[in-house]
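For the sequence shown, the working numbering gives the first residue as 4, with consecutive numbering after it.
Hints should not be assumed to be uniformly reliable.
[Said to hold, decoys possible] The following label-pair restraints were derived from C-beta to C-beta distances:
{"hint": "1", "residue 1": "36", "residue 2": "101", "range": "22 to 32 Å"}
{"hint": "2", "residue 1": "99", "residue 2": "57", "range": "24 to 34 Å"}
{"hint": "3", "residue 1": "96", "residue 2": "34", "range": "33 to 43 Å"}
{"hint": "4", "residue 1": "104", "residue 2": "38", "range": "16 to 26 Å"}
{"hint": "5", "residue 1": "108", "residue 2": "51", "range": "21 to 31 Å"}
{"hint": "6", "residue 1": "87", "residue 2": "57", "range": "36 to 46 Å"}
{"hint": "7", "residue 1": "35", "residue 2": "96", "range": "24 to 34 Å"}
{"hint": "8", "residue 1": "38", "residue 2": "100", "range": "45 to 55 Å"}
Note that these hints are calculated values from the structure, not bench results.
In this text, a Cβ means the ideal position worked out from N, Cα and C, and glycines have one as well.
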Amino acid sequence: MATVTESPLHGKQSGTPVDSTAGQGVRAALRLKTGQTFQGESFGANRSITGEAVFTTSLVGYPESMTDPSYRGQILVFTQPLIGNYGVPANTKDEFGLLKYFESEQVQVSGIVV
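All chains, full assembly: derive it from the sequences and hints.
Put into structure tokens, the structure is as follows:
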């Protein structure tokens, strides 16, 4: 179990708008159940969250990871610092009406650590 305090990135869920603090350098902390605390800067919504911390070592596919329902409610830790280098793909749909580059219609994770 982990808690992200101050201002973790949090996607739009249940119609709740995101209060973005992007580029404002807000201090944030990731506190683990073991008592370990990791300090950093926030680049997303200004809120505290609690959830299971999970990680991915993938170099690409971060839009798919963030929208994957299997990560719903979890804090996703990306081990590669290049997240965001190629942007976010368009909401292009395939011949079945499904999004081509996302796993679902919204961000499923509760928080993101890069």
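Margin query: Hints numbered earlier in the text: which of these fail when held up against the supplied structure?
Written below: 1, 4, 6, 7
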